[in-house]
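Working from the sequences, and respecting the hints, build out all of it.
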Amino acid sequence: MKKISILFIFSVILSLFAGEVNAAGPRLKKHPKHVVLIAFDGLSAVAIRNHPMPNFNRLMEEGAYTLNNRSILPSSSAPNWASMFSGAGPELHGYTTWGSKTPEIPPFITNQYGRFPGLYGLIRDTYPKAEVGYIYEWDGMRYLVDSLAINYFVHAPQTKEHPKGATQFAVNYLKEKKPMYCAVIFEYPDHTGHSYKWESKEYYEKLDELDGYLGEIVAAIEEAGMMDDTVIILTADHGGIGTNHGGKTLNEMETPLVFYGKGVKKNYKITESTMVIDVAATEAWLLGVEPHEAWLGNPVTTAFFTK
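Counting with mature numbering (1 follows the signal peptide of the UniProt record, and there is no 0), you get residues -23 to -1, 1 to 284 for the letters of the sequence shown.
By construction, these hints were calculated from the structure, which means they are not laboratory data.
A few of these clues could be false.
To be verified - Taking lysine-lysine and the DSSO-like style, the derived pairs with C-alpha atoms no more than 30 Å apart in a straight line are:
hint	residue 1	residue 2
1	K174	K225
2	K137	K152
3	K246	K284
4	K141	K78
5	K284	K10
In this text, all values refer to a predicted model and were calculated from it rather than measured experimentally.
Given below as structure tokens:
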């Protein structure tokens, strides 16, 4: 009887220990020093399937990817960008419409910046001296992140003076500062889709242009000597259909999600479900940042070699 009790207690302890290990989830062999998010407003998964983008396609083929990544609803810009940087949906962070500047719903919880806890604030809490950047083209992006936690916060629209928009700002910043985390958010091809239709000739011509900008940013990472210790993430907030988005068709909801770089599996197709909220969760996991308990996103760990 005594032996049975000891064995029972031992098995319970062992199962509890195993449960703790499993709860922790897969771990990276070594965290990258840099994570760079490059995202394109309105880049649909359909477009990636139908139109070659040499630089984009190379990162897909030499990395891990899915073309079934889903937006939250509505498939509009502000709700999805906010979700991408906060690891949760509109029900929690409160941004519900295309051009939200403040949450229409009070956030479920707020941080020291008076916002729903987002990636930038958590990075700053974890690494007080970290260099982090946020370079964006659409003015609406300024309202969606913890700007006070960011070192380099730059609005860089495509203009006559700066026809490449965020590109040159990103190139210069990456080379000079070698940030721990940087997000570069292009305003296109969304505008082109609204003007000429998604999947139109003009839309695809814009993709060719954007693919060139992507190549310049990747080259800058290489020239900065960062590439061996960097994970690059490519994605979008939503797709589109006709000249619009915001609805619930797969053309509007499905976007690419690509991981490339340190510790990433090569030519690996991600088969599990992923959503825009998983981007922040994956970035936090890569950087060794504890996600907030209110986050709903999960890190896409299968895209990486883990221990």
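Violations among the numbered hints, reported as their numbers in ascending order
none
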